[in-house]
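Taken in sequence, the protein lines are chains A and B. Letter 10 of the first sequence, counting from 1, is numbered 10 in the numbering used here, and no numbers are missing. Letter 177 of the second sequence, counting from 1, is numbered 1177 in the numbering used here, and no numbers are missing.
Derived from the structure by calculation, the hints contain no laboratory data. Hints are not guaranteed to be accurate.
Stated by the list, open to error - Result set (DSBU-like, lysine-lysine): computed pairs, CA atoms no more than 30 Å apart in a straight line:
| # | chain 1 | residue 1 | chain 2 | residue 2 |
| --- | --- | --- | --- | --- |
| 1 | B | K1330 | B | K1143 |
| 2 | A | K154 | B | K1061 |
| 3 | B | K1298 | B | K1330 |
| 4 | B | K1330 | B | K1041 |
| 5 | B | K1041 | B | K1241 |
| 6 | A | K206 | B | K1241 |
Claimed, not checked - Residues from chain A shown here face chain B by an in silico Cβ test under 7 Å; the list is partial:
| # | residue |
| --- | --- |
| 7 | S58 |
| 8 | L78 |
| 9 | Q82 |
| 10 | S180 |
| 11 | S279 |
| 12 | Q283 |
| 13 | S284 |
| 14 | Y286 |
| 15 | I329 |
| 16 | V332 |
What you are looking at is a predicted structure, and each value in this text was computed from that prediction instead of being measured. Cβ coordinates follow ideal geometry from the N, Cα and C atoms, glycine included.
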Amino acid sequence: MNDVPDRQAGTGGPEAGLAVAAELVADFGSRRRSPVERIQHILHDNPTLVPVIVLLLSLAAFGIIAGERFFSPFNLSLILQQVSIIGMLAAAQSLIILTAGIDLSVAAIMVLMSVIMGNLAVNMGVPTPIAIVAGFAGGAAAGLLNGILVTRVKLPPFITTLGTWNVFFALNLWLSGAQSIRSQDIDAHAPLLKFFGEAARIGGAKITFGVILMVLIFLVLWYMLNHTAWGRHVYAVGDDPEAAELSGIRTGRVLISVYALAGLVCAIAGWAAIGRVGSISPQSFYEGNLQSITAVVIGGISLFGGRGSILGALFGALIVGVFQSGLRIAGVDVLWQVFAIGWLIIIAVAIDQWIRRVSA
Amino acid sequence: MKRLLATSALVLAGTATMAMAETKACLITKTDTNPFFVKMKEGATAKAEEMGIELMTFAGKIDGDVESQVAAVESCIAAGAKGILITPTDSRALAPVVTEARENGLLVIALDTPFEPADVADATFATDNFRAGELIGMWARRKLGDDAANARIALLDLNASEVSVDYLRDGGFLQGFGIDIKDPTDIGDEDDPRIVGHDVTNGNEEGGRKAMENLLQIDPNINVVYTINEPAAAGAWEALKAAGRSADDVIIVSVDGGCPGVRNVAEGIIDATAQQYPLRMAALGVEAIAKWAEDGSKPAPTPGKDFFDTGVALVTDQPVDGVESIDSAKGLELCWG
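Using the sequences and the hints given, assemble the complete structure.
In C-alpha cells, the structure reads:
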C-alpha cells in the first residue's frame, strides 16, 4: 500500500539487539530471520494490518462478551453512524500527520463551518446550496490560514493550530451566540443541511448517507495519496522535507495544499455533522480534535510523518467506536471506556515504534 | 525575608484600598459559551451598573476547566475585589483558593453549583437542583399513572465526574419518580429494575443523541427519558425519532428552562422541564456583595436549606394533579438564552 522507504530504517542499533534476543528465544543457529522478525517485516510493509487485526479481534471479543445486542446488524451500523463524523475529521487529520504535522483545529473548523452554514441558511434565508458552498470555502480558507502560518511564517504546526483552534472556537461562539439552531427550525428552512442524516435500510442495518460519505472521503483521499504525484509528494515531504526539497518538490506548496484540503474535508464533515446531530450545536465536538488524533494514532499512522495508510485512520476510528459501544452494552461504567481508549493509544504508539525499528 | 514579604503585602493592600474608588466584584462562570452563564453575566452586569459596582468577569474555557477558574479567583484577590460570585466548575477542587480569598476578606458566593461542603463559600445562591429533578420525576410518575410500575427509564447524565448538579438532578428525578436512590451522591447505584441504564452526554446534542442510541440498544422499549439539560434532550429526541419512536409513546423530561428548551416543550418534544432563573441568581449575588462592602453583613440561607433558593418552576403543557406547573407560554416569558 505504501512503499515509501522509512527514514528510520536500517540505522543500526536497537534492531540488532532485538534480532539477537529473538534468535536466542527461537534458538536458531542460522542467519535467517526469526518468526518475530518476519512478523515485524510484514507489519512494516503493511501498516494497516495491525489496526485491521485489532478491529477484528475486538469485534469478536465484544461479540462474545456483549452478545447478540452488540453483534446485531443494527448495532454494527449504529457504530458506523457514531464514528462517521470523527472518522471524517480523522481523514483530515491523517493528511496533516502524514506530513509530520498535527492539526488541533480540525473540530473547531468543522463546528464553525456548520454554524456558518446554519446561520446563512436558517437564520438569514440564504439559499441552502449557497450556504453550503460558503461553508466549504470557509473551511478551505481556514485550512489555508493554517498552511500559510506553518510554511510562510514558519510556526510549528502544533502552535499554529493550537492558536487557530482557539480563534475558530471563539468565532463559533460569537456567530452562534452559543445557542444551538434547533432541529425543527432546520427542517422548516433548510432541510438540505440534514441530507447526510438520511439513511438507507439494508436488512437490519441502517446506513446513513453520512457513513457513505465518510467511506467515500477515505477512498478518494487514499487514491490521491497513493496514485497521484501529489500523494507521492505528501509522503516524501512527511518522510524527509530536506530530501524532498532537494529532489525538486516545492515542499511549501505541498504543505499548504494539504492544510487547505484538510480544512475543506472538515467543512464537509461540518455539513454531515448537522445530519448526524440533528441540530447545529456550537458546543458539540469540543474534543473532536483529540478524538481524531486518537483514531489516526490507533490506525497506525506514524506521528513522525511519511508512514502509514490513511485507511488506517478509518480502522482506528472504528476500533474506538467498537470499544465504546461494546463496553457500554456490557454495562461498563463510562470511566472505564476512557481508561481503555487511553491504553489503546499507548499500545498503538508502542507497536509503531517497534515496527519502525525494522531494517528494510 | 518574612518581614520583607509582610511589608510588600502591606504595600499591596494599601494600593488596593486607594484604587478602590468604587466597589469591585467578580463574576466567574464555568464557561462563556453556555447561554445560562451568558444570561447570568447579563443579570450581574445590569445590576452592577445600576448599583455603581465595577464588575470583572471571568470564565473557564469548557466545563471542568479548573485552572482558569483558580487563576480568575487569584486575579480577583489581587485586584482587591470585595466579593466573588462563582459557579465552581469542580465542586471540590476549588476549595483551597476560595478559602484563600475569604481569608483575604472577600465575600464568596457560589452561584448555581454549590461547593462541597457548601460552607466553603460564604453563601450559595442556587436552584435547588434536587427539587428540580424531583419536580420532573413526580410529574413523570403522575403522567404515567398505573403504567409507572412498568416504566423503562433511561437517564442521560452530564459526564464521568459525577459533579453535584449531575447527581442532584438525577437523584431528584428518581426520588420524585418513587425510586430508592440509595447513596444520593452516587449515580447509578440504584437497583430498581425499571432503570434501563445511565449514560453521559456532556450536556450537548451530539452527546445526547449518542447516549440515547446506546441505551436504546440495551432496551428498545424505553419510555421515560430523563436528561441533564435541554440540549441533551434535543439530541435524545433525534435518536428516538431515528429509531422510529413517536413523541406520544415516550416521555422526555429535562431541567434548565432555556428558551430553545421551552420552545421544544411548546412543540411537544420535551414533555416537561424544570426552569431555573440565572438572572435572578446573579442580580441577588451582586446585591449581597454590595451589602457586604457596606456593612459587612452576609446573606442568610433560605430557612430549612443550606443555601439561598432562587426558585424553580415546572414548565409543561400537560399539567397533572398534585404537581404545580406553568405552561410553555409563561415559560417562554421567563426563559433565558
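Status of the hints after comparison with the structure:
1. B:K1330 x B:K1143: holds, 21 Å
2. A:K154 x B:K1061: At roughly 28 Å apart (the allowed maximum being 30 Å), K1061 (chain B) and K154 (chain A) satisfy the hint.
3. B:K1298 x B:K1330: violated, 33 Å
4. B:K1330 x B:K1041: Judged against 30 Å, a Cα distance of about 23 Å means the pair holds.
5. B:K1041 x B:K1241: The given pair, whose Cα atoms are some 35 Å apart, is violated under the 30 Å limit.
6. A:K206 x B:K1241: With a Cα-Cα distance of about 14 Å, the restraint between K206 (chain A) and K1241 (chain B) holds, given a limit of 30 Å.
7. S58: Given a least distance of 17 Å, the restraint on S58 (chain A) is violated.
8. L78: holds, 6 Å
9. Q82: holds, 6 Å
10. S180: holds, 6 Å
11. S279: At 5 Å from the nearest chain B Cβ, S279 (chain A) passes the 7 Å test, so the hint holds.
12. Q283: Since chain B brings a Cβ to about 4 Å from Q283 (chain A), closer than 7 Å, the hint holds.
13. S284: Holds, because the Cβ-Cβ distance from S284 (chain A) to chain B comes to roughly 4 Å (cut-off 7 Å).
14. Y286: holds, 6 Å
15. I329: Interface hint status for I329 (chain A): holds (6 Å vs cutoff 7 Å).
16. V332: violated, 11 Å
Figure legend: structure checked against the earlier numbered hints; hints not met, in rising order: 3, 5, 7 and 16.
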